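**Q** Whenever a hint applies, use it, and build me the whole structure from the sequences.
In case you want the letters, here they are:
There are 2 protein chains.
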Amino acid sequence: MGACHADGMSELTTALRGQLPDDAVLTDPDILGTYAHDMASFCPAGTPAAVVLPRTVEEVQHTLRTADELRVPVVPQGARTGLSGAANATDGCVLLSLVRMNRILEINPVDRIAVVEPGVVNATLSRAVNEHGLFYPPDPSSWEECTIGGNIGTASGGLCCVKYGVTAEYVLGLDVVLADGRLLSTGRRTAKGVAGYDLTRLIVGSEGSLGVVVRATLALKAEPPRQLALAAEFPSADAACDAVCRIMAAGHTPSLLELMDSTTLRAVNEMTRMGLPETTEALLLAAFDTPDPAPRLRAVGELCEAAGASAVVPAEDFAESELLLQARRAALTALDRVKGASMIDDVCVPRSRLADMLDGVARIAAEHSLTIGVCVHAGDGNTHPTVCFDAADEEEAHRARVSFDEIMALGLSLGGTITGEHGVGVLKRRRLAEELGPVGLELQRGIKSVFDPHGILNPGKVL
Amino acid sequence: MGACHADGMSELTTALRGQLPDDAVLTDPDILGTYAHDMASFCPAGTPAAVVLPRTVEEVQHTLRTADELRVPVVPQGARTGLSGAANATDGCVLLSLVRMNRILEINPVDRIAVVEPGVVNATLSRAVNEHGLFYPPDPSSWEECTIGGNIGTASGGLCCVKYGVTAEYVLGLDVVLADGRLLSTGRRTAKGVAGYDLTRLIVGSEGSLGVVVRATLALKAEPPRQLALAAEFPSADAACDAVCRIMAAGHTPSLLELMDSTTLRAVNEMTRMGLPETTEALLLAAFDTPDPAPRLRAVGELCEAAGASAVVPAEDFAESELLLQARRAALTALDRVKGASMIDDVCVPRSRLADMLDGVARIAAEHSLTIGVCVHAGDGNTHPTVCFDAADEEEAHRARVSFDEIMALGLSLGGTITGEHGVGVLKRRRLAEELGPVGLELQRGIKSVFDPHGILNPGKVL
Chain A
1 MGACHADGMS
11 ELTTALRGQL
21 PDDAVLTDPD
31 ILGTYAHDMA
41 SFCPAGTPAA
51 VVLPRTVEEV
61 QHTLRTADEL
71 RVPVVPQGAR
81 TGLSGAANAT
91 DGCVLLSLVR
101 MNRILEINPV
111 DRIAVVEPGV
121 VNATLSRAVN
131 EHGLFYPPDP
141 SSWEECTIGG
151 NIGTASGGLC
161 CVKYGVTAEY
171 VLGLDVVLAD
181 GRLLSTGRRT
191 AKGVAGYDLT
201 RLIVGSEGSL
211 GVVVRATLAL
221 KAEPPRQLAL
231 AAEFPSADAA
241 CDAVCRIMAA
251 GHTPSLLELM
261 DSTTLRAVNE
271 MTRMGLPETT
281 EALLLAAFDT
291 PDPAPRLRAV
301 GELCEAAGAS
311 AVVPAEDFAE
321 SELLLQARRA
331 ALTALDRVKG
341 ASMIDDVCVP
351 RSRLADMLDG
361 VARIAAEHSL
371 TIGVCVHAGD
381 GNTHPTVCFD
391 AADEEEAHRA
401 RVSFDEIMAL
411 GLSLGGTITG
421 EHGVGVLKRR
431 RLAEELGPVG
441 LELQRGIKSV
451 FDPHGILNPG
461 KVL
Chain B
1 MGACHADGMS
11 ELTTALRGQL
21 PDDAVLTDPD
31 ILGTYAHDMA
41 SFCPAGTPAA
51 VVLPRTVEEV
61 QHTLRTADEL
71 RVPVVPQGAR
81 TGLSGAANAT
91 DGCVLLSLVR
101 MNRILEINPV
111 DRIAVVEPGV
121 VNATLSRAVN
131 EHGLFYPPDP
141 SSWEECTIGG
151 NIGTASGGLC
161 CVKYGVTAEY
171 VLGLDVVLAD
181 GRLLSTGRRT
191 AKGVAGYDLT
201 RLIVGSEGSL
211 GVVVRATLAL
221 KAEPPRQLAL
231 AAEFPSADAA
241 CDAVCRIMAA
251 GHTPSLLELM
261 DSTTLRAVNE
271 MTRMGLPETT
281 EALLLAAFDT
291 PDPAPRLRAV
301 GELCEAAGAS
311 AVVPAEDFAE
321 SELLLQARRA
331 ALTALDRVKG
341 ASMIDDVCVP
351 RSRLADMLDG
361 VARIAAEHSL
371 TIGVCVHAGD
381 GNTHPTVCFD
391 AADEEEAHRA
401 RVSFDEIMAL
411 GLSLGGTITG
421 EHGVGVLKRR
431 RLAEELGPVG
441 LELQRGIKSV
451 FDPHGILNPG
461 KVL
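Residue numbers (this note's numbering), protein chains in the order written: chain A, 1 to 463; chain B, 1 to 463.
Everything labelled a hint here was simulated from the structure, so no lab data went into it.
Being a predicted model, the structure only gives us computed values, none of them experimental.
Please note: incorrect hints may appear among the correct ones.
Remember, identical chains collapse to one label, so a pair may be satisfied in a single copy or spanning two.
List time: in silico SDA-like cross-link candidates among lysine to any residue, alpha-carbon distance up to 25 Å [as the list claims (entries may be wrong)]:
1. Lys339 <-> Met271
2. Lys339 <-> Glu270
3. Lys221 <-> Glu302
4. Lys221 <-> Cys245
5. Lys221 <-> Ala307
6. Lys221 <-> Glu169
7. Lys221 <-> Ala355
8. Lys221 <-> Ala306
9. Lys221 <-> Asp242
10. Lys221 <-> Arg246
11. Lys163 <-> Arg127
12. Lys339 <-> Arg363
13. Lys221 <-> Gly301
14. Lys448 <-> Arg182
15. Lys448 <-> His37
16. Lys339 <-> Ala362
17. Lys448 <-> Pro459
18. Lys221 <-> Trp143
19. Lys221 <-> Gly415
20. Lys221 <-> Arg296
21. Lys339 <-> Pro438
**A** Structure follows, in structure tokens:
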């Protein structure tokens, strides 16, 4: 199915243009190239046959019907901020970009739902619901660019998850165009519902391999008070992980609980001149968005001190709180600059194993003589070891790739998962088989066949 | 597949006993009869060939392998407190009761998880985790009897859902014995994870039709403060529904928000002599489990008054709060006594349509000259219209059945679902097709075939 001949291509574009406006089908090779991949490193991208930019459900249906008939692969795309290559082109494919379907169709404060098209940018939705006193929690780092459709495809998370969970928990119902062009409606507008198997949740995180989401009904929360943060400095990553365990075991539910290791802190300092303490081996940020966060922050500060924190700095006000969080927000960009390129892993472990995970990553970094900075959504046990490397140095790039894989194996050995929130894409396919085991993999393949018998939807991704 | 000949039966029990202890296979017809059905009305139960009561995963595997080879249907059961007939016997089936697999294997306060066997009773788990300062929210009415396996099978809810969601949101990972006896492990022990399609969520709510859950990893929350309630009396159901909408639109997140109509109030009074106000047409109960609930209760009380409440009674202390909630807990038993039998529906609508739903149910009751009391998990829009009837009066029982069905149709017409938390079972199968539509139904059947190619698992349920 992968390759596509010149004739096939023209047959494809002719068929597509039959029911799509001229500006919805792009075939200029230079333009196609700019759509060919997402933000993942080490993920090869093929040469697409066309980019289709539909504005309506019917246009998506026509595109899929056409591709299915001609057995042409279709790769659905949002803003291509993904980190696993799930949106990368395969040779001869149609890149189906949903970015023009970007309307917010409804915001309902009584039912606490929003109905949106897939191309709505996360930040646009977040701000729109805020105006109604509502809150759409999922906040991936790329929230100013990434689309809700992309978030659903990868089941993405963010800083909020320790309290508010991931995208999956906010998707109530979906309209999905199937591989053969038929329209499937899943789920509901109601707060609860158990009618039949949960196809909604099956689609979430399926990276466009089961169908193309064209409309989503999302659950919203009431907008909480602004969060207030504290920072705690630790003489070792172990001590910081111990603090995380104490905080969670004591029954706290912070709105944010983030850990940065010394490599990350140095990189952030280098880039921002924030003057973070250079001798600190780990920094923990905790925040609460309750009406009266001060007593909770005090209690968390005391737990940090009990775990060996060398300093605890509670924010005096929201402005100071924001300043503390900026260090965390700058982390990935800063690590990217260390050696020019970086590769961000996404291994989630039970939070009781966080210290073992960080020890193991440090060992892997030393063994391969690599710089690996680790940011952690500590409340979730979701680590983002970020391997810094010089892309021009082939040998170093190879070591980076190997260490990336060893980090996944380490996570699995600690009872974790190879991906907490970034998805499988091309990058983690091999390790997925290991995590799922043969029985799970066989069932997943069976489900794929039910939804997409000709295998046209994002082939070579996930499974 | 349904029926089973005398020879088949003895071949079956011989094969079962080959690898099961004597006391794990029951065939005495009198005993089998006591296992034949759950608590749903109007759901026929067949005659089982055997009851199997395994104590280990291997015993479940042997049972399923045997049944699959002999093409004998298997009906998994928990405490049989279900309300949709999902646990009812089909002719010649093996009733696979998981009640003896009732160990709590792990409670981990740092990872906030519990690992349990399916036969653990909900209340047993709830109390066990409380001792660690933890909280397992799902609280179906039958929580003192129902099992976690049954809760997972039906994706059950409870009073807590307005704030804490349903069972599905607390299931992180499952061990599942497939129809052919193979063991599938799904999901994770971690707070997050997006590795492959979400098979965990697919199993939850599948009523034993995709596999038999033999172990579950459950997410826990930190134990919240005790909840404090208020009661508000309204001159009409409409006014009470208006209050619900005002409360939710104002951004409150109560830990409980329950509505009872006048029929229910009268029945509760009759049974308990609680002295609830007889002239009240609807009673709303709201509670908060935040550290300082008083200001929130005051605000909610004011919203109730603005919506026309004739009286607002905040509890002075926790004991008084419990007393208010007892009225709600007594509701279903009380309605059951009105005419000797009752049939509880479970239609969930967007909460903005609650008033229309209650109006419609009152109209249906009048049209059929029936008593229908309505309890509502109002924060979820999840109504439980309970049709009271005299089971000895065939004509009245028929009208009860018809009205039950009309209530589902009404819910669908209001953008709702036929089941918020009780499941489909046998009772709602016909209406399920309507809710899912032909495309959804076809995909659900396809998934069923992937998991259970010979169709031995709980045939005739759900789909």
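**Q** Please go over all the hints and tell whether each is borne out by the structure.
**A** Hint by hint, here is what the structure shows:
1. Lys339 <-> Met271: within (13 Å within a copy, 75 Å between copies)
2. Lys339 <-> Glu270: within (13 Å within a copy, 77 Å between copies)
3. Lys221 <-> Glu302: Between copies only: 22 Å across, 31 Å inside.
4. Lys221 <-> Cys245: Result: close only across copies, 14 Å inter versus 27 Å intra.
5. Lys221 <-> Ala307: Answer is between; shortest inter-copy Cα gap is 23 Å, intra-copy 34 Å.
6. Lys221 <-> Glu169: So Lys221 and Glu169 pass the 25 Å test inside a copy (11 Å) and across (16 Å) alike.
7. Lys221 <-> Ala355: between (33 Å within a copy, 22 Å between copies)
8. Lys221 <-> Ala306: Between copies only: 23 Å across, 34 Å inside.
9. Lys221 <-> Asp242: Classified as between: cross-chain Cα gap 20 Å, same-chain 31 Å, threshold 25 Å.
10. Lys221 <-> Arg246: between (28 Å within a copy, 15 Å between copies)
11. Lys163 <-> Arg127: both (20 Å within a copy, 23 Å between copies)
12. Lys339 <-> Arg363: within (20 Å within a copy, 72 Å between copies)
13. Lys221 <-> Gly301: between (28 Å within a copy, 21 Å between copies)
14. Lys448 <-> Arg182: For Lys448 and Arg182, both the intra-copy (16 Å) and inter-copy (20 Å) Cα distances are at most 25 Å.
15. Lys448 <-> His37: within (23 Å within a copy, 35 Å between copies)
16. Lys339 <-> Ala362: within (18 Å within a copy, 70 Å between copies)
17. Lys448 <-> Pro459: both (10 Å within a copy, 23 Å between copies)
18. Lys221 <-> Trp143: within (18 Å within a copy, 27 Å between copies)
19. Lys221 <-> Gly415: between (31 Å within a copy, 20 Å between copies)
20. Lys221 <-> Arg296: Intra 22 Å, inter 17 Å, cutoff 25 Å: intra and inter.
21. Lys339 <-> Pro438: Neither: 39 Å inside a chain and 54 Å across chains, both beyond 25 Å.
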